[in-house]
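Put together the whole structure using the sequences plus the hints.
Protein sequence lines correspond, in order, to chains H, A and L.
Counting from 1, position 408 in the first sequence corresponds to residue 408 in the numbering used here; the numbering is continuous, with no gaps.
Counting from 1, position 205 in the second sequence corresponds to residue 205 in the numbering used here; the numbering is continuous, with no gaps.
Counting from 1, position 104 in the third sequence corresponds to residue 104 in the numbering used here; the numbering is continuous, with no gaps.
Hints in this document: simulated from the structure, not taken from any laboratory.
Heads up, the beta-carbon is just placed ideally off N, CA and C, and yes, glycines get one too.
Just so you know, nobody snuck in bad clues.
In silico lysine to aspartate or glutamate, DMTMM-like type, Cα no more than 20 Å apart, as pairs: (1) H:Lys103 to H:Glu245; (2) L:Lys155 to A:Glu92; (3) H:Lys289 to H:Glu304; (4) L:Lys61 to A:Asp273; (5) H:Lys343 to H:Asp333; (6) H:Lys314 to H:Glu281; (7) H:Lys113 to H:Glu143; (8) L:Lys61 to A:Glu294; (9) H:Lys176 to H:Asp231; (10) H:Lys301 to H:Asp101; (11) H:Lys291 to A:Asp104; (12) H:Lys176 to H:Asp435; (13) H:Lys289 to A:Asp104; (14) H:Lys291 to H:Glu281; (15) H:Lys176 to H:Asp63.
If you want the footprint, here are the derived chain A segments under chain L, 3+ residues with CB under 8 Å: (16) 54 to 66; (17) 75 to 84; (18) 273 to 279; (19) 297 to 309.
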Amino acid sequence: MRKLAVLVLAAAALGALFAALASRGGSPAAAQASSHREAPLISEDPSADNTDTYAFRSPDRPDSVTIISNYIPGEDPAAGPNWYTFSPSARYVIYADKNGDGKPDVTWRFRFKNQAPVAFLQNTQQSYTVTRVDGNSSRVVGEGLLTPPDNIGPRSTPGYHALAMAGVHDLSDGSKVFAGQRDDGFFGDIGAAFDLVAIRNGTGASGGGKDFFAGYAVHTVSLQVPLSQLDNGSNHIVGVWSASERPVVKVTLAKWRGRKVLQKETEWQQVSRLGNPLINELLIPTQLKDKWNASDPNKDKQFEQYYSSPILAKLLNQLYPQFGPFQENNRTDLVSVLLTGLKEPNLNFTGNTLADEIRLNLAIAPTAPVGQGNRLGVLGGDLAGWPNGRRLEDDVIDIAERAVGGALIGHSLPLGDGVNANDVPYMTSFPYQADPFSGYDNTKGLQQP
Amino acid sequence: MAAKRLIFGGLAAGATAAALLLGGVLTDGSAQEAARVPVASAIVASGSALIPQLQQQVRANPTGVVGLGLLGLAYQQRARETGDPSYYTKSEGVLHRALRYSPDDLVATGGLGALALSRHRFREALTLGQRAVALSPSTARGYGIVGDALVELGRYREAFAAFDRMASLKPSLSSYARVSYARELLGDVGGAAHAMRLAIDAAAGQPEALAWSQTQLGKLFWSQGRVAASERQYRSALAVRPGYVYAFDGLAQVEAARGRIRSAIAYEQRAVDAIPLLQFVASLGDLERLAGNENAARRQYALIGAIRRLLRANGVRTDLETALFDVDHAVRLPRALSLARAARAERPSIDGDDVLAWALARTGHCSEALHYSKRSLRLGTHDAVKFFHRGMVERCLGNSAVAKTWFRRALALNPHFSVLWAPVAVRYSA
Amino acid sequence: MKRLALLAAGIAALVLPVAASAHPLGNFTVNRFSRIQVAGPRIYVRYVLDLAEIPTFQAGKIDAQAYARRLARGAHLTVNGRRVRLTPIETALAHPAGAGGLRTTRLETILRGPTLDRASDVEYRDTNYADRIGWKEIVVGSAPSESHELRAYPKDLLSSPLGVTTARTRLVPGTVPGTPPHVTNGTALQAPDRVADSGFARLVGRDRLGFWVTVASLGAALFWGMAHALSPGHGKTIVTAYLVGQRGTPRHAALLGLIVTATHTVGVFALGVVTLVLSRFIVPEELYPWLNFVSGVLVVLIGASVLRSRWRQRRTHTHEDGQHHHDHGHGLNRRSLVAVGVSGGLLPCPSALVVLLAAITLHRVAFGMLLVVAFSAGLALTITGIGLAAVLARGVFRRVGFDGRVVSLLPTASALVIVAAGLLMTFHALPRVG
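Laid out in structure tokens, this is it:
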């Protein structure tokens, strides 16, 4: 009985303590989002988001290198209004590393401006300036250039192909440039490939997947650069990656007690970068994605462990033990192909600095017109494909799955997502990516089964 | 024989009972934690297309934490786009499920933090935000949640530090919008507009985000009395996102400032029909009263009562807006005062200070009111409503000359700061 | 016999799930449902309108006929490319109770369309309340309705609210004259799903707390506690096993009940304090795994101690229990009884915590605390009741003339059950802890 009394007393005491604390106020529960100060839950920043970077010797002009840098994932022409544009407050950058130190030797920087209030006049055309940096000197190589408008439809943007081709310009450094909306050249069954790496139709190499990206568009910054400008003359290998940056704007410069100081936007912060495909999606853990995006390739040693012990290999072992075992750790093969270039066989090795770049060996000639190379690239015996540079037709999902599966270390399996080509054929000349679907008629996400 | 049957029956019953009882021990069946499968960032498209895909993905892989996290975020975005609160409930359910499978999941933790913010559970949001930051100090989003919570808790220095950290890690629309708000609080209106324009530029191609940013800029202009500029922003927002309720609400005020009351009522009614927020309904009631439609005004005020009962039925503590409404409309002032005290205790921001000061002034507690009014202006914010309340406090204290300067300041800043009280300020500043 | 029946009933009661209803859609939704069907040669559209609390409040007095006419105008039916007119022929109106003491609206109307002379292409577009949020559903023929005609909205986390406003179909007229559809009448017009949320939590938010309201609320809290105890957990297994095994008397059962009440109340208060004070550092969610863990360990210890005392007794008492049983009175000492009671009430029910916190935010702390006590008492009553039932059952079996050996094994078996349950709880909680 005494114990009981103790318990009851404890209850009473706690109750009293409670009442005292209660005046402090408690936790309100559900309400509507009514505070006008809740900024949107934008977890991604699409208009500055890299989607793909390609680099290849142009098959129709083999003395030039084409670099394609795509941004703005998931542009849905059907989700009107269709007015995706580059962000006027961002800078879009293409980098080239000629000596394998992971630092850029040549840089092209793009800055876009709206022509008119986009929302009012549905005018998606933008003007842009291209600044080139070689080493320490920078110069403007293109100014007041125009992008084509987005493909709204036959009434707003009739004769779209001609409109688009008017967007190809010459830069004063001898390069050609195009910036604007294109059909997304990427293809793949994201649902199958990334969700449990489901392998359609057995080992998936027989086609039969659904191209998730069919019908979507992207905004591209594409260059066609004279080969001599990127050739270092010794091993003829150039490393390419692209990025985007935004100005850093803080609350105040000075102490916060009432000093009104307008900050000039001199400080830029990189918010996205991309060399090899699928790295941030497949290899880098969630809590490091922002850091990856903000880092420069010459510091990529800090991410080496995620290449060396790829999560994807563990997943393959868990899900498909019958095809395994897949080597989970110490994957020097992946580290080399993605971070230094392949040494044996000698394909595109740039040195011992670990840096995630697309490494293009300029001494290897193109093997086919655009869109007709072997989709499995080097793994399919076509040395002009990824990981030697990256062409539009290279099936990077299949190549990546096979590489992680161990294709470079003698464990070769026909893994794949079942989607082997883009839904729309590429153009045979610059800028190579096809015209985007118009908002008026589109077949987004719809594909052969 | 009968005994044996009894025994068997009893044992069977007992075994069943035991099994069922024990079954309670093994709640929510153990989940095989599938390896984290990332989803290509390319999938983040507009919410309406995205949600069915994510739902399908989660159905196919019910324990996949990444899919659950993304679905939770997509639901929240949909709730913002449509105003449908059932999406908040779904978001919460899905994110909690993700956390059950993986208690350290960054996306789910951040998502729940954002949800807590939108439900005004600021202390909980702060905890969740801090946990997100601890899980990944290099990810910008967590600092945004922490900063937002700290602002509502009146801890401004820490809040601004969090925003600055967010801005330097990854500048984006989210960071620009927060920096803009911070600058506005500090009285740097030009800097606030500058930052919000960057936010607008960063919202390219995302209708809801763009409409939101434009509306915020419109409200900033409005607070400085720039009616035409604010109208342009609201109309831009509606062009991007037809039916955007916050733009309708803004246009209602613009029309009222122009003297077109009927048009103002029509705009506000559209906002109320879509999402009956307390502040929309209160504005509508005030506009009806201004137009002389007493019955209609009374109906709207009664609706506020109904909304409050519903909020309470959902376990919601009626918020700062309610206290403000009661004080503004002299509804049971003594009770309104204790409401204001409680509201401020939950939200010790300058808005909490301001509402409490106003309540104290209207109930004759002049010197205590002055204390809180000074607190509400301590950051240097240019806010005509707060100036007006300060004027009323000074008037309460008998300092009519000082009061007049405050009224004049309020009117100089924004002559249409309140449908109810701007005329009063005009009278008292003469 | 009667006792067995009671026992069976008790067990059956344990199986019943404890359902909670939460409002799936918002309080300001306007929900619409249309069923396009053919009766005889004629097309009919059965239209259901479900207004949530706020639209109902805003609508004021509803003239059912006027509404039906308006809905008919907004329902665009096109047959073979020609727009046809829909006429309301029957209407029914009800106001089911909603949340916060407000009412909702359920309006049903049968709209009569044209006769068909052949199979026809039909297009239906519902333009009513086009800009209002809500459930929009169209069904053709006798297909099932996902929402049971706006009576029960699906609560699936993985489905979005329906937004169907257009339907195209091909309808074939019946050859036999058919009966037109009718509106629902009477109680079927009520919508069971549109009720306020958790009954217990609702108790705190009442507007005025008169004396009788308070008493009634406390009674309701008691009931909720009793109902809540039927859900999995709360140490029913342990308490039952303990009482059965240790030959507890009804008096022991009552004492256990009291201890569970006290422990549960203390637990809720303590958790509430923790939540308030430590909300800066700890989210309540984090505590639950720990509490589960501690409960599990405690239960294992109790079971182990019972086993140990049993084992020791087995070595000192070697006589057989033949025809008679004598109650040695061992095993059931005060300490283990208290321990069992504590373990049963250790895990505070989240809903009790919610009530307490809600009470605080509404500045009705004392009332909230009283509700928690009543809730805990109800909890204890159920647990005790089940334990009592077990004790009585044991008595029944004894009277029936059990084999003594089995009976003497019961205490050990029960102790093993306790240990097993405790181990399960502990291991289940382990992954979430730390």
